[in-house]
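Dock chain Y against chain P, hints included.
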Amino acid sequence: MNHQVFDNVLGLGCGVVVLSAVVTLWRHSLIAIIRALAVQGVALALVALTLGLHGHDRGLEVVAGLVLLAKGVVVPALITKVVRHDVASRETDPLVNVPASLVAAGVLIFLAFAASRSVTALTSNAPGRLIPFGMAAMLIGFFALATRRKAVSQIVGLLLVDNGIALVAFLATAGVPLIVELGASLDLLLITVVLRVLATQMRRRLGTVDLDGLAELHD
Amino acid sequence: MVGALIGVVAAAAGAALPKRWRVPASASLVLCGCLTELATSIRVLATGSDAHWHSIDLLPFTGVTLLLTPLGAIFVVLVTVVAVPATLYWIGYSSHGASARTTACNYAMFVTVLLIVPAAASVATFMFLWEMMALTSLALVLTDQGRRAAARSAGVWYGVITHAGAAFIMAAFLLLASHSGSQTFVAMTSHARTLAPGARAVIFLLALVGFGSKAGVVPFHVWLPRAHPEAPTPVSALMSGAMVALGVYGIVLFGNVLLSGGPVWWWLIVLALGGVSALFGSLHAVNSTDLKKLLAYSTTDNIGLALLAVGASGIFVATGHGRLGALSLVAAVFMLVNHAMFKGALFLVAGSVQVASGTRDLDELGGLLRRMPQSGALFLVAAAAICALPPLNGFVGEWLLFQSLLQGVNLGSTAGDIAITVSVAALALAAGLTIVAFVKAAGVGFLGRPRSPGANDAREVAMSMRVGSGLLVVMCVVAGVAPMTILSAVERAVRAALPRVGSRSVVRGLQLQLVGARGVLAPTVLAASLAGALILAVSLRRALARRRAVRVVEAWGSGRELVTARMQYTATSFAEPVQRVFDDVLRPVRDVNVSHVAESRYVIESMSYRSRVDDGIERALYAPVIKVIRRWGQYARRLQPGSVHRYLAYGLAALVVTLLVVAVAG
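Sequence order for the protein chains is P and Y.
For the first sequence, position 196 matches number 196 in my numbering, and the numbering has no gaps at all.
For the second sequence, position 323 matches number 323 in my numbering, and the numbering has no gaps at all.
Here chain P stands alone, though its shape is the one from the complex (with noise of 0.2 Å):
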C-alpha cells in the first residue's frame, strides 16, 4: 500500500468516527443512532486494518477483524433489541437540546485538537497526526453520555468514548496488545447485556427507561 492511500484511508477512517459521533448527537431516534454506532464501529475496524496492513503486523489485522464483528456487528444487534422493546424509541428531551449540542461537538472537537497540539507536535507521519479525532469522539461520547436521557443512548455514549479511546490507541503505539483489546470488548460486551437487563427491569418497575427516574431512589 503506497503512503499516499494509507494517509487517504486512515484520514477517511477516522473523519468517519467523528462524524459518527456527532451523528449520534444529531438525530432523536434510537434506531439511527445505534445505526451511527454500528458505522462508527466500522471505521475503527477500517483503520486497525488500515495501519496492520501498512504495518504488516498479523496480530492488529486480527484484532481489526474482532473489531469489526464486536463493535461493528454483535454490540449494534444488542442494544437494537433493547430498542424494539421500547415504544418510544426516540430521544425527545435531551438536558442539551440538539442544536446546542452540535456547537457544543463542534467546541469539543477544537478543544481536542487544541490539547493534543503538544503530542501532534511530536510526529509528522499520518497516524500521530490523526490523534485529535480518538480524543474528539471520546469527548463527544462523553458529552452525550452527561446530557441524554434514554438509558440505550447513556450506552451509546460510553462506547462512543470507548472508541474514541481505542482510536488514540491505535494511532498512537499501532495498537494496543490484542489481549487488551480483547478484555476491553468483553467488558463492553458485558457492559451491554448489563444494560439489557438493567432496561429490562426499569421498564417493569419504572414504566420507563429515563434514566432521571433513578433519582427517586435517591433518599
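Source of the hints: derived by calculation from the structure; they are not laboratory data.
In this text, a Cβ means the ideal position worked out from N, Cα and C, and glycines have one as well.
One or more of the hints may lead you astray.
[Stated by the list, open to error] For each label pair, taking beta carbons as the anchor points, the in silico distance ranges come out as: (1) 639/Y x 173/P: 34 to 40 Å; (2) 641/Y x 2/P: 53 to 59 Å; (3) 641/Y x 19/P: 33 to 39 Å.
[Said to hold, decoys possible] Computed, partial: chain Y to chain P, Cβ under 8 Å: (4) 649; (5) 656; (6) 657; (7) 660.
What follows is chain Y alone, placed relative to chain P:
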C-alpha cells in the same frame, strides 16, 4: 530489629490462631519482642554507641532507616516499662471482651510499632511508623464501638486530632528535608544549622503543634479523656504511659536534635504550654468522677510537667546555663519514665476495678480495699507515687525539676526569669491539685462503704492482672528507692540530645548531687529512715497498747445508729470546694429543678440537682469549628442530588478543564 520481627509474628498469631490460643501465644511473642528490644536499647545506653539498621526493600523508593541513639533507647525502655506489664495484664483481661482477632492483632502491632518509633531515623520510616501507631491505636479505641456510642465518638475525636497532628509533623519534616536534600535525620541535623531563623522557627512551631497533639497538651488534649476510657485497659495504659510520651520525644527530637536548639522564645512557648496543661489537667482531674477520665486528665497534667521541664531546659541552654539545662532535661525524661510506671499501674488497676464492679464511676464505687485488697493496695501505692510522696519515684522526679527551676530563677534574661518563677508556682499548684485528685480517687473509690451493688459484689481479679499492675508498682518503688541506674541511663540519653553541653552525672554512689547547683538527695537513705520510722512507730504503738486493754466499740455515727453508704463523701462533693475556688475557670453548669405539690406552692414535692463541669477549651475552641464544618457539609450535600447526569457532567467538566489547561499550557 529482631524484636520488630517477633512483634509482626505476634500480630499474625493474634490474627490467625483459634480463640483459645490466640491471646497467650500472641502475648508471649509480644513479651519476647519487648525483651529483645529492651536488650538492644540497654546495650546502646551502656556503650553509648548507636545501633544502626537499614533496608532498601521494605518501603518502596525510600527504604527503612533505623538508628537507635541513646535518646531513642531511653524511650524504648520507657515503652517496655509499660508494655511488659500491660501485656501480662492482657492475658487475664482478655477474657473480658478483648480477645477478638482484630484486637489481638492490633494490640501486637501497636506494641511493636511503639517499640521501634524511637529508632526511626528517616522521614519516610518515621511517618510510616507514626501513622501505624495512630491507626492501630485508633482501631483499638474502637474495640467496643459496636456496643458503645461513646467509643465511636472517641474514635472520631482521636482520629481527627491525630491525623491533623500528623499533617503538621509531615509539613515540618518536608520543610526540613527539602532544605537538606536528604530525608535521613543525620543529614537533616547537619544541614539545619544553615537554615534561616524564620524557617527554623516555622519548622519548630509546626512540629510543636503536631507532636503536642499526640502528647495531649492543652488545647489538643480533648481526645485524651475520650479515647483513654474507651480503649481496652492495657491499651489505655500503653496510650497514656508510652504513646503520649512519644509526643514529648518528638518535641525534644525536633527542638534539641534536628534543629540543635533554638532561641529563648521557642522554649517560652513550650514552657507555657506545659504549665497551662499541667494546671488545666490537674484541675479537671480533681473534678472528674469517671476513674479513667480522671487518669486521662492527669496524663495531660503529667505530660504538661514534663513539657514544662523541656521548656525550662531549652531556656537554660539558650541563656548559656548548659548544665542546668541538662539537669532539667534529665528531670523531664525521668518524669516521663516515672509517669509510664505509675500511670500504667493506675490505669491497669482502674481496669481491674471496672472488670470487678462493672463501673468506672467513682460515685458508685467505694469500699474496694476490703473486697480487692491486693489491687487496692497497688492503687494506693501508685497514687502515692503520682502525688510525689517519698520514697517513691514521683518524688525524685519532682525534686529534680523543682531544684533545677529554683536554681534557675536568676538567668539574666528578664522574660526567662519571670517565666521560670511563674512556672515554679504553677508546678506547686499542679502538684497540690494532683494530690487532691488522687486522695479523692483512692479515698472515694477504695475506702468507705460501697455505693452500688456492683461495688459491693466486687471480687479480686485474675492473677495475671494483679501481676501486671504489681510489676509496675514494684518499679515505682525501685525507681524511688534506688533511682541511680535509671538516672545514669537518662543522663546518657540527655548527653546525646545535648551534645554541646558538658555535664557531669548527678549520681554519686547512693546520693544524688546536683550539678551546676547545690542540693543533695539520698533516696535510699531516705527510704531506709522512713521504713525505720515506720517500724519504730508500729512497735511503739504495740508496746503502749500492751499496757492498756483494747476496747472494741461501734464507730460513732453522729448519734444515729444506722450509717448508710449515702452519708459518705462522694467524689463530686469532695471536689466541690476546689470547684468553688476555681469557679471562674471551670464554669460548672448547675441545674436545680424544684417541683411543687399541686395544692400549694410552699410545699415541695421533689427537688433535683445536677452539676456538670464541661471542658471549657473544648466549648470555646472546638464547638465553633465543628459548627462551621457541619454547615459546609450541608452545602456539600447539594453537590450530589442523586442525578446520574449531574455526576457525569462533573466528570466531563473535569476532563474539559484538564484539557483546557493542557491546551493553554502546552
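We went through each hint and held it up to the structure:
no., hint, verdict
1, 639/Y x 173/P: 34 to 40 Å, "37 Å, holds"
2, 641/Y x 2/P: 53 to 59 Å, "57 Å, holds"
3, 641/Y x 19/P: 33 to 39 Å, "35 Å, holds"
4, 649, "4 Å, holds"
5, 656, "7 Å, holds"
6, 657, "10 Å, violated"
7, 660, "7 Å, holds"
Comparing the model with each earlier hint shows a violation of hint 6 alone; every other hint is respected.
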